[in-house]
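Asker: Top to bottom, those sequences are chains A and B. Each step along the first sequence adds one to the number in this note's numbering, with nothing skipped, and position 47 is 47. Each step along the second sequence adds one to the number in this note's numbering, with nothing skipped, and position 279 is 279.
It is possible that some hints are incorrect.
Each computed DSSO-like pair below joins lysine-lysine, with the alpha-carbon atoms no more than 30 Å apart [stated by the list, open to error]:
(1) Lys57/B x Lys6/B
(2) Lys290/A x Lys268/A
(3) Lys193/B x Lys167/B
(4) Lys83/B x Lys57/B
(5) Lys6/A x Lys27/B
(6) Lys83/A x Lys290/B
(7) Lys6/A x Lys6/B
(8) Lys6/A x Lys27/A
(9) Lys57/A x Lys268/B
(10) Lys268/A x Lys57/B
(11) Lys27/A x Lys6/B
(12) Lys83/B x Lys57/A
(13) Lys6/A x Lys83/B
(14) Lys290/B x Lys167/B
The hints are simulated quantities; they were obtained by calculation from the structure and are not laboratory data.
There are 2 protein chains.
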Amino acid sequence: MLPELKIQQLRYVITVVDEGGFNAAAKRVHRTQPALSMAVRELEQRLGQDIFERGGKSQLTPFGQFCLPRFRELLGQHDRVVKDVVGQADGRQGHVHIATVPSVASRIMPPLLADFIERFPDLTISLHDENAHYVCQMVAQGEVDLGITSLWQSDDDLDYTHLFEDKVGVVCHRSHPLASRSSIDWQSLQGEKLIRNGTSRLLMGTEASELVENSAFYISNMISLIAMLEAGAGVTTLPQLAFPEHNANLCFIPLQEPDVVRRIGLVKASNRTLAPAAQIMEGFLLERLKDEPE
Amino acid sequence: MLPELKIQQLRYVITVVDEGGFNAAAKRVHRTQPALSMAVRELEQRLGQDIFERGGKSQLTPFGQFCLPRFRELLGQHDRVVKDVVGQADGRQGHVHIATVPSVASRIMPPLLADFIERFPDLTISLHDENAHYVCQMVAQGEVDLGITSLWQSDDDLDYTHLFEDKVGVVCHRSHPLASRSSIDWQSLQGEKLIRNGTSRLLMGTEASELVENSAFYISNMISLIAMLEAGAGVTTLPQLAFPEHNANLCFIPLQEPDVVRRIGLVKASNRTLAPAAQIMEGFLLERLKDEPE
DNA sequence: CCACCCCATAAGGATTACTTATCTTTCAAT
DNA sequence: ATTGAAAGATAAGTAATCCTTATGGGGTGG
Numbered sequence: 001m002l003p004e005l006k007i008q009q010l011r012y013v014i015t016v017v018d019e020g021g022f023n024a025a026a027k028r029v030h031r032t033q034p035a036l037s038m039a040v041r042e043l044e045q046r047l048g049q050d051i052f053e054r055g056g057k058s059q060l061t062p063f064g065q066f067c068l069p070r071f072r073e074l075l076g077q078h079d080r081v082v083k084d085v086v087g088q089a090d091g092r093q094g095h096v097h098i099a100t101v102p103s104v105a106s107r108i109m110p111p112l113l114a115d116f117i118e119r120f121p122d123l124t125i126s127l128h129d130e131n132a133h134y135v136c137q138m139v140a141q142g143e144v145d146l147g148i149t150s151l152w153q154s155d156d157d158l159d160y161t162h163l164f165e166d167k168v169g170v171v172c173h174r175s176h177p178l179a180s181r182s183s184i185d186w187q188s189l190q191g192e193k194l195i196r197n198g199t200s201r202l203l204m205g206t207e208a209s210e211l212v213e214n215s216a217f218y219i220s221n222m223i224s225l226i227a228m229l230e231a232g233a234g235v236t237t238l239p240q241l242a243f244p245e246h247n248a249n250l251c252f253i254p255l256q257e258p259d260v261v262r263r264i265g266l267v268k269a270s271n272r273t274l275a276p277a278a279q280i281m282e283g284f285l286l287e288r289l290k291d292e293p294e
Numbered sequence: 001m002l003p004e005l006k007i008q009q010l011r012y013v014i015t016v017v018d019e020g021g022f023n024a025a026a027k028r029v030h031r032t033q034p035a036l037s038m039a040v041r042e043l044e045q046r047l048g049q050d051i052f053e054r055g056g057k058s059q060l061t062p063f064g065q066f067c068l069p070r071f072r073e074l075l076g077q078h079d080r081v082v083k084d085v086v087g088q089a090d091g092r093q094g095h096v097h098i099a100t101v102p103s104v105a106s107r108i109m110p111p112l113l114a115d116f117i118e119r120f121p122d123l124t125i126s127l128h129d130e131n132a133h134y135v136c137q138m139v140a141q142g143e144v145d146l147g148i149t150s151l152w153q154s155d156d157d158l159d160y161t162h163l164f165e166d167k168v169g170v171v172c173h174r175s176h177p178l179a180s181r182s183s184i185d186w187q188s189l190q191g192e193k194l195i196r197n198g199t200s201r202l203l204m205g206t207e208a209s210e211l212v213e214n215s216a217f218y219i220s221n222m223i224s225l226i227a228m229l230e231a232g233a234g235v236t237t238l239p240q241l242a243f244p245e246h247n248a249n250l251c252f253i254p255l256q257e258p259d260v261v262r263r264i265g266l267v268k269a270s271n272r273t274l275a276p277a278a279q280i281m282e283g284f285l286l287e288r289l290k291d292e293p294e
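Generate coordinates for the entire structure from the input sequences, incorporating the hints supplied.
Answerer: This is the structure in structure tokens:
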């Protein structure tokens, strides 16, 4: 019932006004003069009123004067929307939400993100750190675009791309008898006071699982765990990345037998398309982290 | 360089979202489902990003979620502009500026405009009263859309349509010797103290012109003129419409010889198209005033 | 497993948009 | 006046677009 304006017609009208004539306007929009004449006429017919004075020099009718500011405003908003949308579409602008496990957040991401924001200065980033389970949950629920974590469990809603492996080792005080060893097997740990933590599940299903089952302590908080170890109150196992790199009192000894690794990968929702900015981030992370063990 | 959105595509996208699917949306916009599929796909290709999730149930991608509110806003403004513009185009809405000589403004226009605003309640009107010369000038300069006046002088910029004639007569105090006459010729006025006014030029070029030339008084203000006449200070000539209808002290005697009339007509700018609302007004005035002497 | 619903794809036709070529008007210069 | 240049209108042919009918494929629920 109501007619529908075409953005192009509006642009033609406005250009004719601004350039002062159909010929000049035609050049400006890279069309021929008849194209504009006909397009404008078609618009006039649909509205039932002339926009330009018939005889003479492309002057606006009163009706045209009424229309012009509205056309300008509409066209202005159109162009603004296009700019925003294509900026978003080609990944120049946007915001990426990432969730990772704490060790990755603190050891891997900082230099990586510093490079990223230099290469894509108009993209902004949020980085959450959560445990592996909650990272997957955030990705699945769409709270974040991407997760970097070990896979909690296979999940049809999640799309996992392996990035690198993280060796599990034993962490103890440097005065501990085991501290001088360059590698350890699980039997050597029998009799040690083993403190479990959130990553201990990695040992389940290996020869070392009974160590975990017999452990009486569980500490989830990393700060508390470190403090316990620094007090010489026991030993624990950690993936290497989760071991505080520059700690002067603790040492990390790779576990040889069994050879346990934490598989770290990029996780995204399988049933959802990534936002353009997140696609950029995905490519960047794959390029920088794929098969690089640290 | 930047792509150009089409209003219709935006409407399709929004309808698909609101209706929850392509089929339902197609019904709503009276198109077939493939038409929407293809139109949306074409938009997606031009933006380089999908708006709807590919597999599944017409869900928005994150990019689509980004676009949607902007599309809605743009479409909303479009529809608003269309509504305004067509309302203006078909004369439902608008404002008409009219200028008339004072006699027409006070004697002709009031009942006429009362009818008009009843028939066209969404149209608003400005009515200026000025002397004949200035009415023409306002029309020529575009300050008003229409003028109702006698033509000051033939003017190529003005388009004159005759409406009716207004007989000139002599106005004097009812106690004046001439007051009982039913008509007067110019000789009868010789020796009378004639007060000139703005309409006296109507007598120029007739046998009565020497009366005007010999007149010593000129009063432009109608109130002052009436006061002078009521004081019995002389006589004057006025078109009948300019004579205050219900004045108890003055009387109007038609001038027979010469038979002078003021030609009243509708004036508009010849080189400009009337605004739609003004076209409505023009038609109304012609219908109501054409050849009706009062 | 089948039927159904929904969207995607393909092919053909109708409409719309644009181009080149030509005409008309206007304004100005001589 | 006559002519020339410039601007817009018109006409016809072509390219692009939009939409339709017909059909294919992938899920979901009975």
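Asker: Would you check the hint for Lys268/A and Lys57/B, treating anything up to 30 Å between C-alpha atoms as holding?
Answerer: With Cα atoms ~20 Å apart, Lys268/A and Lys57/B stay inside 30 Å; holds.
Asker: Does Lys6/A pair with Lys6/B here, judged by a C-alpha cut-off of 30 Å?
Answerer: Answer holds: Lys6/A to Lys6/B is near 7 Å, not above 30 Å.
Asker: Holds or violated: Lys193/B with Lys167/B, Cα cutoff 30 Å?
Answerer: With Cα atoms ~21 Å apart, Lys193/B and Lys167/B stay inside 30 Å; holds.
Asker: Has the given pair, Lys27/A with Lys6/B, been kept, meaning a C-alpha gap of at most 30 Å?
Answerer: With a Cα-Cα distance of about 23 Å, the restraint between Lys27/A and Lys6/B holds, given a limit of 30 Å.
Asker: Regarding the pair Lys6/A and Lys27/B, is the alpha-carbon distance no greater than 30 Å?
Answerer: OK: Lys6/A and Lys27/B at ~23 Å, within 30 Å.
Asker: Against the 30 Å threshold, does the CA-CA distance of Lys290/A and Lys268/A hold or violate the hint?
Answerer: holds (15 Å)
Asker: With a cut-off of 30 Å on the C-alpha distance, tell me whether Lys57/A and Lys268/B pass.
Answerer: holds (20 Å)
Asker: Does Lys83/B sit within 30 Å of Lys6/A, going by the straight-line distance between their CA atoms?
Answerer: holds (15 Å)
Asker: Taken at face value, is the distance from the CA of Lys27/A to the CA of Lys6/A at most 30 Å?
Answerer: Since the Cα atoms of Lys6/A and Lys27/A sit roughly 20 Å apart, the hinted pair holds (cutoff 30 Å).
Asker: Next pair to validate is Lys83/B with Lys57/A; report whether the Cα-Cα distance is within 30 Å.
Answerer: holds (28 Å)
Asker: Given the hinted pair Lys83/A and Lys290/B, is their Cα-Cα distance within 30 Å?
Answerer: violated (56 Å)
Asker: Hinted pair, alpha-carbon criterion (30 Å max): Lys290/B, Lys167/B. Please report holds or violated.
Answerer: holds (16 Å)
Of the numbered hints stated above, those contradicted by the structure are hints 4, 6, listed in ascending order.
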